[in-house]
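J.: Sequence:
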Amino acid sequence: MELADNFKATRTHRLVHGARAGHYTMPAEMLAGYDQLQQLLEEGKETTNWGRTQWADTAKEREAEALARHLSGMASNYAAPRLITEHLQPALAERLDRFRTVRQVAGKYAHSNGASLDMLAEPDDVRAAILELHTATQWYGSLRDAWSELRGDVEYVYNRDRITDPLGKQSPLAEVRNIAVVAPNWRELAHIAGAVWPWGSDVTHLKLGWLLDHGAEVWLPTEDQQTAEYQRLRQHAAA
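Position 99 (the sequence shown) corresponds to 99 in my numbering; numbering is contiguous.
Hints were generated in silico from the structure; no laboratory data involved. All C-beta atoms, glycine included, are put in the ideal place defined by N, C-alpha and C. Please note that a few of the clues may not be correct.
Pairs of lysine-lysine, DSS-like flavour, derived with a Cα cap of 25 angstroms [as the list claims (entries may be wrong)]:
1. K60 x K8
2. K108 x K169
3. K207 x K8
4. K8 x K108
Label pairs and their in silico Cβ distance ranges [stated by the list, open to error]:
5. S148 x L189: 16 to 24 angstroms
6. V126 x P166: 15 to 23 angstroms
7. Q39 x H214: 45 to 53 angstroms
8. E43 x K108: 24 to 32 angstroms
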């Protein structure tokens, strides 16, 4: 049905998918509403003699359409900052705490990307930690995807009172709050295709490990939070 296909393309659908995978939370009302919509879509459909799926009950169709609009509104640009601060940011903090613990258990293997025969001889907890380290690709990628969804597409703003980061979501500052400490030449590197960053690897657990070892403040900022930090860095550079 058209409604079902259209809803799958919404921000809400993608956010719920990540929440259901356990990578972060979303409001209980959103999750319950999502389940209710799926039930309405299932109960309200019928298949015609030509194999086409359509609504069998117009009342359920109207109810589903209203619910779909409500769910989409729950992930609107207006609601996005709250979802970032109340759901994604706490999830990232919790995940990073766990990541630090797992790296300690994994020991020397935390700095390796490949498998080796030596790993087979390690205790169960070490081997489990090695496997868990590699799940960082999934949970960190999911968190940043959800964050990117909620940040949307915002144009660069330059005026006397508000100067946004020209690189927006793609800025290194959007991933590391104290990027100026971790990589002092970050502004230059950000404009060089294929630039070599200090962490030296795009493998998620190696990159995150390097960042945490070097005091990086990995974050998922709202637009206002990133803008405030960007303006602070500009003022510091001008001083």
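J.: Taking the hints in turn, state whether each one holds.
T.: Cross-check of the supplied hints:
Taken as a hint, the K60 and K8 pair is honoured in the structure, with Cα atoms around 18 angstroms apart against an allowance of 25 angstroms. At roughly 33 angstroms between alpha-carbon atoms, K108 and K169 are farther apart than 25 angstroms, so this suggested pair is violated. Between K207 and K8, the direct Cα distance comes to roughly 32 angstroms. Violation of the 25 angstroms bound is thereby established for this hinted pair. At most 25 angstroms may separate the alpha-carbon atoms for a hinted pair to count; K8 and K108 exceed this at roughly 43 angstroms.
Between S148 and L189 the CB atoms are about 21 angstroms apart, so this pair conforms to the stated range of 16 to 24 angstroms. For the pair V126 and P166, the beta carbons lie near 45 angstroms from each other, so the given range of 15 to 23 angstroms is not met. Checked against the given bound of 45 to 53 angstroms, the beta carbons of Q39 and H214, roughly 49 angstroms apart, stay inside it. A hinted range of 24 to 32 angstroms for the beta carbons of E43 and K108 is inconsistent with their spacing of about 55 angstroms.
Going down the numbered hints, you'll see the structure goes against 2, 3, 4, 6 and 8, while the others check out.
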